[in-house]
Amino acid sequence: MVTTTDRAPHPARPSRAGTGGPAGFSMLLLRRVGQVLFVIWLAFTLSFILLNVLPGDAVLAKLGGVDANRQITEAELAAIRAQVGLDGPLVTQYLQRLGGVVTLNLGHSLQTREPVLDMLVTALPPTLQLAAAGFLLAIAFGGLLGATAAYTRTPWLRTALLAFGTIGTAVPAFWIGISLITLFSFWLPLFPASGTAGPSSLVLPAITLAIMPASLVTQVFYESLARAMSEPFATTAVMKGASRMRVLVRHGIRNAAVPVVTLAGVVAGYLLVGSVVVETVFSRAGIGYLTVNAVRTVDLSVISGLVVFSAVVFVTLNLLVDLACPFIDPRMRAGMTS
Amino acid sequence: MTAARQAPAPAAAVTESPGSGPLVRPRVRPEFVLPAVVVAFFVLIALWPELIASQDPTLAQPRERLLPPSAEHLFGTDSIGRDQFARVAHGTLPSLRAGLIAVSIGLVGGGLLGLVSGFSRGPLDLAIARLCDALLAIPGLLMALAFLTAIGSGVTVAACAIGIAQMPVFARVMRAEVKRVSALPYTEAAAAAGVGPVATAVRHVLPNSWGPVLALAALECGQAILILSSLSYLGFGEPPPAPEWGALIAAGQSYLAVQWWLAVLPGVVLAAMVIAITRLGHAARRNDR
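As you go down the protein sequences, you meet chains A and B in turn.
Using the working numbering, the first residue of the first sequence is number 8, and each one after it goes up by one.
Using the working numbering, the first residue of the second sequence is number 32, and each one after it goes up by one.
None of these hints come from the bench; they were simulated from the model.
Some hints here could point you the wrong way.
If the Cβ cut is set under 10 Å, some of the chain A residues that face chain B in the computed set are [what the hints assert, rightly or not]:
id	residue
1	Leu49
2	Leu197
3	Val288
4	Ala292
5	Ser311
6	Ala318
Glycine is no exception: its CB is placed at the ideal position from the N, C-alpha and C atoms.
Make a model of the complete structure from these sequences and hints.
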């Protein structure tokens, strides 16, 4: 997470909007994009070491469909290596792969011979639907719980709401999914237990996916709201006769937005990975299914494509969040150029 | 390195850092006690599952298949008549062990990265920061799946992968703590008194900076156990006869419509353990402040 911690959070001098100037902003943009590309390259290199250098003969034998129990000959190994593109010096392989990534060619699946990029693009829409629904639910639900916890003056209610923050991160997503299926597919037949057909099939998976991020949002939103509400400007607003609700809505939420937006980048990244489990629970098509299948069939090139894809998504989202923060909180604009 | 050994011993006595004396005892709070007791209970069950589960977790009794929970079978029996409670109890050890392996790798690897990063300035610090960014961009579950694909199945492989994925989190916190403690008067005093950099790091900075790191370790241990159970649920855990929680839940999923307890009860136990570990981490973090 290359986030707000990198820069001074509250510059001492009160800044007017846009002190950074357009030149400062484009410089920042350029530097951050460079950083992002570097990090993606590094992630690619790590995945190359993992998936092209480390795989041993046993993995190759499995790939070639050879019975692992008998002694595999050197000639067979060489044939499999050539077949899956793991032959030749490592440097050549590396440069080939890197060139491929730069030109958006992630190689071909070792199993189906399909281009990995095509497989990703085909699998993406259902996962994006699921992730978008989960994201909205998480923000809405977590935001509501966090705000209620900050607003209420009833200690037990606050404790109960914040307990959700802990429990939500401690309960495995697949178990939530299974419990929801038990409750809302079998006991009360409201939603289908599996499949990708129709909007009603999205309800349970989206809730399952949203629980963990919603509890994170609850925690973070509550903490930043509570902090904002104890600051002098909140006291001033109260003294001027504003109601608690007004102070919360007009002053608290604006000030508490930045940590939540920062978290949103992390959450969106989680949603793509969380979909691996959720799609399996609900037998849905998508990136998660593609991932699990690739691991089962030892499809090294699909997995390496997925790792690069995940890195690109994660790093880009965090870049967007980073760039969005100064627009949400004017106090950050002064820090941009420094 | 030699400077550290030649450092004058009395210097430490004058500028005693708070963590190195036995006088400072962490205050035990009530919020600490309950999770600690629960975690201790799980550790006990992990080591001696027979304490609460007398039945054989692998003994199949086809005539007693799919029984509902009863006094004899607390969690019922599974599809081939094995006692589910015994299977859950015997599944504690693999879960806990794999979580500890993961978090140890994250703690040691990330801690070292953070330590080096915190003490060095310039290119090395920057390089470690970028490495952490790259590692963070590959989530733990995906990292584990990639390792399982490349190296072969096995809980230890998955645990190591999760540990590597957790390293940047530890590195960040460790680095921040080192920076904080390095600026404190007693560290400066130690340096001024001629204590070498390595001795300062080991004797003064490390003891006073690993509180938050250890609190984080508890939180990350809980998360590692969750990811590992997800892997086991997906079918990438130990091979079938082994009683692993994720696999138990996956097996129970086929009987959800009627024998819901098969999938739901092991999940409750798993959640209870992770909540306890997480609460312990939160309590430690608050205690530290």
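We went through each hint and held it up to the structure:
1. Satisfaction of the interface hint for leucine 49 of chain A is found here, the shortest Cβ-Cβ separation to chain B being roughly 4 Å, below the 10 Å cut-off.
2. A cut of 10 Å between beta carbons decides the hint on leucine 197 of chain A: the least distance to chain B is about 15 Å, and the hint is violated.
3. Hint on valine 288 of chain A holds. Least Cβ distance to chain B is approximately 8 Å, under the 10 Å limit.
4. Here the hint on alanine 292 of chain A is broken, as its CB sits about 16 Å from the closest CB of chain B, past 10 Å.
5. Because the beta carbon of serine 311 of chain A sits about 8 Å from the nearest beta carbon in chain B, less than 10 Å, this interface hint is met.
6. For alanine 318 of chain A, the shortest C-beta to C-beta distance to chain B is roughly 4 Å, which falls under 10 Å, so the interface hint holds.
Violated hints for the displayed structure, listed by number in ascending order: 2, 4.
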